[in-house]
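Peer 1: Place chains X and L on chain E using the hints.
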Amino acid sequence: MEALALKLMSAVPALAGVPLWAMTLLVMVVVAVILLVFALTFGGLGSYVLRKVAGDIQVRIGPNRVGPYGLLQFLADGVKLIMKEDIIPAKADRFLFALAPYLVFVGSFAAFVVVPFGVGLIASDLNIGVYYVMAVTSLVVIGVLMAGWASNNKWALLGGMRAVAQIVSYEIPVGMALLPAVLIAGSLSLQDIVRSQGGLLGIFGWNLFHNPFTFFSFFLYFTAAQAETNQTPFDLPEAESELVSGYNVEYSGIRYAFFFLAEFGDMFVVAALASACFLGGWHVPFFRAETLPGAWGNLLSLGAFLVKAFGIVLVMMWVRWTLPRLRVDQLMRMSWKYLVPLTFVNLLGVSLWLLVFRGKGIPQLIASIF
Amino acid sequence: MEPILFIIFGAIAVGGAIMVVTRKHPMSSALYLILTLFAVAALFVLRQAHFLAAIQVIVYAGAVMVLFIFVIMLINVPENKLPMERLTGLRLLGVVAAGFLILESAILARRFAMPAGSTADAGSVQAVGRALFTDYLLAFEITSVLLLAAVIGAIALAKRKI
Amino acid sequence: MTPIAIDASAMMQGLYCILPEILIVATALFVLFVDLILPEENRRILCGVSIIGVALSLFTVFAMGPGKISGFSGAVVHDGLGAFFEIVILSACALTLLMATGYSEWEGTHKGEFYSLLLLSTSGMMFMAKGTDLMTIFLGLETLSIPIYVLVGFHRHRMSSVEGALKYFLLGAFASGFLLYGIALMYAATGTTKIAQMVPMLYDARLAASPVFLAGVGLLLVGFAFKVSLVPFHMWTPDAYEGAPTVVTAFMSAAVKAAAFAALIRVLLLTLGGLQPVLWKVLWVLSVLTMTVGNLSALVQNNVKRMLAYSSIAHAGYILVGMVSGDVLGGQASLFYLLVYAFMNIGAFGVVMLIAQKEDEGYDIDNLAGIGFKYPALAGLLTLFLVSLGGIPPTAGFVGKFYLFSAAIKHGYIWLAVIGVLNSAASIYYYLRIVVYMYFLPAKGEVPVPRPPRIAFSLALCASASVVLVLGIVPSSVLEFAERSVLSLLM
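Chains as they are written, first to last, in the numbering used here: chain E, 30 to 399; chain X, 209 to 370; chain L, 515 to 1005.
I should point out that these hints are in silico values taken from the structure, not numbers from a laboratory.
Small disclaimer: the values here were computed from a predicted structure and weren't measured.
Be aware that one or more of the hints could be misleading.
Said to hold, decoys possible - Straight-line distance between alpha carbons at most 20 Å, and here's what the computed EDC-like set of lysine to aspartate or glutamate pairs gives: (1) X:367 / E:358; (2) E:183 / X:287; (3) X:367 / L:994; (4) X:232 / E:122; (5) X:369 / L:621; (6) L:872 / L:593; (7) X:369 / L:878; (8) X:369 / L:619; (9) X:369 / L:549; (10) L:708 / X:343; (11) X:367 / L:677.
So that you can see chain E by itself, here it is in the shape it has in the complex (with noise of 0.2 Å):
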């Protein structure tokens, strides 16, 4: 932040003047703007599709009514949302019921500052970076469980109990199986690990492609990560024919739009470490954007990003939409009994390999041959 804050004010002779740490504030202020846009966005087009996606899927045809294709209708619902009146119950733990969505929406959010939209186009290049972005999940957990206890509802309690019992469970074998991309990388960063894919091997410099350990891990990590989201078919904790909504369910108004942001926040998060760690990120295939001049090769890059993040999002709504739930106990026993084991299993094969093959995967190999 503090190096894009002079290179800003020796680029703009007008700003010359102006404090460091004043400049540093607000470029950390400009960027977490432009994020929260591009979260807001997210969650508002990304609920029309997942309704569009909904109803392809079912035979009908989703929303049609606000502006062209119904692709208004999100603008309408935020409308709607913030206009609604904002209850609190009245047995409820006001404070806690107050602040319980902004921590999950704050959880969520707080992701979005390491994922590496493209060249250069990162918030903060941590070097924890995705023990970051566990590390903030934990706060999603905190909110939900604030939320269905500060209800004093028992479908809430119950909603939340649920949810927590089952993020914690998945959130070990979400972070083993992100774990082979960090090994392959040598690092937690998370452009780090884009970069490590690169090359002139095109879709198979990708970790997907390393070696059969990881294109393994990238399917336990989607099916681990659909479930750290709490998105159908482990929907538990807000199964509306059993639990009515779950946790949210004596939410309304502006506070039920922060836990509805704050899924849309997790999906893309999800699918954005699956494409950063799996997909090459932001690499184009066959090309090396970094070395194009000016912007372009950031917008390239941006662009390339986004489309596999989008991507995933869309299989993660086509999966949502396809399956049916599990009970919780089968939840409960698909996690420690066979994702567990296998991401551990999956761990060890790639370290494995890492030592036999000195660090080359598959593909490598073979151009090695040639």
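Peer 2: Then chains X and L, alone, in the frame of chain E:
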């Protein structure tokens, strides 16, 4: 900048800790404890120990405290059945004495030079990993035995039929 | 980032150094695995497997000898002291397992979990006895404690068992916190957790007088004091000992104490050079308090298990007498006494276990009335163990106490020795009270029929009895071994 942040987060940590022991409802105590843990993580960040900060949040706030809250929610003692803790003179005296002890040790500790602090990157992933796999390799391995023992123990105590 | 260079020969040496521990952990895992595939009725094999593992490990310790082998960049060392305590701990574990063959059958602890927890705890103790890094010692302590908490509460249907486990766990967790905080403070003051690196720094008077370091040592002492149940930190002992399955009580009283004292001796003897002027007063007070409170409380107990619990507190006080002086003579006496104590205490618990029909009520002292002439072998054994605990010749207990108190006198702690002897005299009252009950009081109603011991059980009792007798008459070779062990530490 750093001293200011240190004071802010240090104050949050201490204030949170005080709230933990003074709140009536266990839920509030647990939430304040989370606040304290986050503040401590922030202090780690200030010392450039990013990895430790992340681990602190993941392990304590993300796992341990969540289990605490989980249990508190499951037991869900109604407000009027919570045990009453009274502020007796002896307890007050204890707090005052503890305060003096802390103050005294802080004053005394300042008189003695601490050994040269570790290098700047002591808290980085690389440094921690290196320490774990060289100097503390045995400690690392014993920990795995310890965790295994804890798992077996938990199952032996909690499983319906063993 | 340069990759970590692995020194293969150092690694092999490290692994060789912890070979006995590796064997124990491997046995624990193997027991778990066997438990999984074995049908319910063949569970007795588990005990046999565990005993074989312990015997193998014991054999390895003897084969490795008392030579100094250090490993893992100084985190652990196999030296005379480590070998001595490993022998004590493994013998205690072997005796416990031999007794468990019968006990598990009566009380339903024939479970893979029971044996593997016992073995894992043993491995923790061994690491503790050999640890030369405070982190190793702490982790060893935790690996020792957590299985023991569970084992105390292993009888989930008995309230006293669960109560004892909970009390022990809560206080134990607190004590671990103290210990860890102490280590943290010592680290803050010296910048290292390795004892060997800490020792030379202590000759710097500024460090030896630094409040941070002293507070660290104090907290460390509190943590250890809790584990060996020294007096202000002994509150958990009677309840945990009474509630635990009796084999576990026997194991705890002997092995846990030995392991904690091993680490304490290592830390204290090495650091005492610089800290002696401050520390001996603390140890003196702790020792006197522990002996006195333990013995006085034991006087009024009517439950044999509880009485033995208080007596074990008192014995921790005696053992501490040897450490007040903080040199070879005292250390040697402490080591010898710990070895003897393990055998006589486990033996005493073993006999009581046979006579008591069931947990809780079975251990009332009235139950022993009239046993004496009806079951002379059992009563004779119990008398031998109790006489030894009381410190009456010609038993090993007498020799142990003699050396402890003479070490104190040689260093001028006359009052300490006097208080110790007075305490011993007081303790004879309650030990002999049991003997009186057995031989001279008529039984109320029917004399209870002791359980018929299995061969393994009888073997354990005979082994304990012969050790107590033999060491009472010819203690010199073991005393020499103890002396060499302490010397190996100081060299």
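Peer 1: Would you mind confirming whether the straight-line C-alpha gap from residue 232 (chain X) to residue 122 (chain E) stays at or under 20 Å?
Peer 2: holds, 14 Å
Peer 1: With the threshold set at 20 Å, check whether the alpha-carbon distance from residue 369 (chain X) to residue 878 (chain L) stays at or below it.
Peer 2: violated, 31 Å
Peer 1: Need the status of pair residue 367 (chain X), residue 677 (chain L): alpha-carbon distance at most 20 Å?
Peer 2: It holds: about 18 Å lies between the C-alpha atoms, which stays within 20 Å.
Peer 1: Is the straight-line distance between the alpha-carbon of residue 183 (chain E) and that of residue 287 (chain X) 20 Å or less?
Peer 2: Holds, because 16 Å separates the two Cα atoms, which is no more than 20 Å.
Peer 1: Going straight from one Cα to the other, do residue 367 (chain X) and residue 358 (chain E) come out at no more than 20 Å?
Peer 2: holds, 16 Å
Peer 1: Between the alpha carbons of residue 369 (chain X) and residue 619 (chain L), is the straight-line distance 20 Å or under?
Peer 2: holds, 17 Å
Peer 1: Below or equal to 20 Å on CA atoms is what counts here, so check residue 369 (chain X) against residue 621 (chain L).
Peer 2: Holds: residue 369 (chain X) and residue 621 (chain L) sit about 15 Å apart, inside 20 Å.
Peer 1: Tell me if the straight-line CA distance from residue 367 (chain X) to residue 994 (chain L) falls inside 20 Å.
Peer 2: Outside the cut-off at roughly 49 Å; violated.
Peer 1: What's the verdict on residue 872 (chain L) and residue 593 (chain L), does the C-alpha distance respect the 20 Å limit or exceed it?
Peer 2: Not OK: residue 872 (chain L) and residue 593 (chain L) at ~42 Å, beyond 20 Å, violated.
Peer 1: Regarding the pair residue 369 (chain X) and residue 549 (chain L), is the alpha-carbon distance no greater than 20 Å?
Peer 2: holds, 14 Å
Peer 1: Between the alpha carbons of residue 708 (chain L) and residue 343 (chain X), is the straight-line distance 20 Å or under?
Peer 2: Holds: residue 708 (chain L) and residue 343 (chain X) sit about 10 Å apart, inside 20 Å.
When held up to the earlier numbered hints, the structure conflicts with 3, 6 and 7 and fits the remainder.
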